[in-house]
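Undergrad: With the sequences and hints as input, model every part of the structure.
So the sequences go chain by chain: A and B.
The first sequence begins at 1 in the numbering used here and counts up one residue at a time.
The second sequence begins at 194 in the numbering used here and counts up one residue at a time.
Hints are computed from structural coordinates only; laboratory data are not their basis.
Among the hints, a few may not be true.
Listed below are the simulated DMTMM-like cross-link pairs for lysine to aspartate or glutamate, each with C-alpha atoms no more than 20 Å apart in a straight line [said to hold, decoys possible]:
#1 LYS91/A x GLU329/B
#2 LYS187/A x ASP279/B
#3 LYS91/A x GLU323/B
#4 LYS334/B x GLU323/B
#5 LYS89/A x GLU329/B
#6 LYS89/A x ASP328/B
Spelled out from the first residue to the last, the chains are:
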Amino acid sequence: MQLHGWEAALFYVLAILTLFMAVFVVTARVAVHSALFLISTLVNIALMFILLRAEFVAGVQILVYVGGVMVLFLFVIMLVQTRAEEEAKVKLYTRQSTPAVIIALLLALSFYFALNPAQTAYRPPEGAQPQVADAGDMSRAGAGYISRDTQEVGEQLYRQAALPFEIASLLLLVAMVGAVLLARGTKQEQYYD
Amino acid sequence: MSGAITGALALLGPVLLQAQQTPLAKRFEPTLINFMMLSFLLFVVGVAGVLSRRNIIIIFMSIELILNAVNLNLIAFSRYLELNRDLLTSKGLIVSPLSGPVFTIFIIVVAAAEAAVGLGIVIAMFRNRETVSIDEIDLLKW
Chain A
1 MQLHGWEAAL FYVLAILTLF MAVFVVTARV AVHSALFLIS TLVNIALMFI
51 LLRAEFVAGV QILVYVGGVM VLFLFVIMLV QTRAEEEAKV KLYTRQSTPA
101 VIIALLLALS FYFALNPAQT AYRPPEGAQP QVADAGDMSR AGAGYISRDT
151 QEVGEQLYRQ AALPFEIASL LLLVAMVGAV LLARGTKQEQ YYD
Chain B
194 MSGAITGALA LLGPVLLQAQ QTPLAKRFEP TLINFMMLSF LLFVVGVAGV
244 LSRRNIIIIF MSIELILNAV NLNLIAFSRY LELNRDLLTS KGLIVSPLSG
294 PVFTIFIIVV AAAEAAVGLG IVIAMFRNRE TVSIDEIDLL KW
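TA: Here it is as structure tokens:
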């Protein structure tokens, strides 16, 4: 198959790290710690993308999520921080935490039973060679080696998905204006109204 | 009790059968199934966070976890589609493995927009109600 040797080992290390960090995101007491654990999770998933030879998406993940969205999260935590949750007696979970755990377990169980037949049915073809130029050949992966992934994704983005691409830019504009409009203070509202 | 044991054996049976056929190093190589399992575990952790936390910012972070689980699934599917492209095209299926990364990029864009607007709402809410815990924001409940 595709991932051999140290890549397979790296997959398991990254998977365990990602899962632990995700659990810490949900269970951390202080919101800033939660955000830092989420940054760690996102970086781990970006590394997983690189392992899957999707370098462009990994770069986008780092730039947009870790560089943009998480900084936004940290700023909002700083603005909204009541510091109440750092005391041990303050409740972290709502009353529906027991149903939440039950629903999560049921979901996990259903996923397991959905995947279990696939695990036995999925047989990779013997000696399947990847069509991409970079996959499975790590001997050339030195300096100056550029994978074709970025070029192909860019072409696909502009040829097949040109209209959604433009709509996405419009969506980002609307979201930016909306965020500014929602977050402005009372003084600014009085001034402009 | 014996029913539980036979059930466990029925679940583990295919795994054990596979274990006898393939060598050790080959058996632990991650396939698409392993990526899907990681993805669904991330998804389940995110769902548990959304349903159980009080702090609305951490609920947003759990939504980001869910979206990332979907992204990982899409990328893994696209890569393994590419790997089996010859087999699938010989069966008459149209394979377009690059749809995965393209969809992932759009999901990242929508997640960024959602986070911006959502955090704007959180700031506006905090200014009015002085709280970020969702069980105190109950204006629509009666």
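Undergrad: Sort out whether ASP328/B lies within 20 Å of LYS89/A, counting only the CA atoms.
TA: holds (17 Å)
Undergrad: Sort out whether GLU329/B lies within 20 Å of LYS89/A, counting only the CA atoms.
TA: Holds, because 17 Å separates the two Cα atoms, which is no more than 20 Å.
Undergrad: Mind checking the alpha carbons of LYS334/B and GLU323/B for me, to see if they're no more than 20 Å apart?
TA: holds (18 Å)
Undergrad: Keeping to a limit of 20 Å between CA atoms, is the pair of LYS91/A and GLU329/B held or broken?
TA: holds (12 Å)
Undergrad: Does ASP279/B lie within 20 Å of LYS187/A when you go C-alpha to C-alpha?
TA: violated (64 Å)
Undergrad: LYS91/A and GLU323/B: Cα distance at most 20 Å?
TA: This hinted pair holds, its Cα atoms lying about 17 Å apart.
Hint 2 from the earlier list is the only one contradicted by this structure; the remaining hints agree with it.
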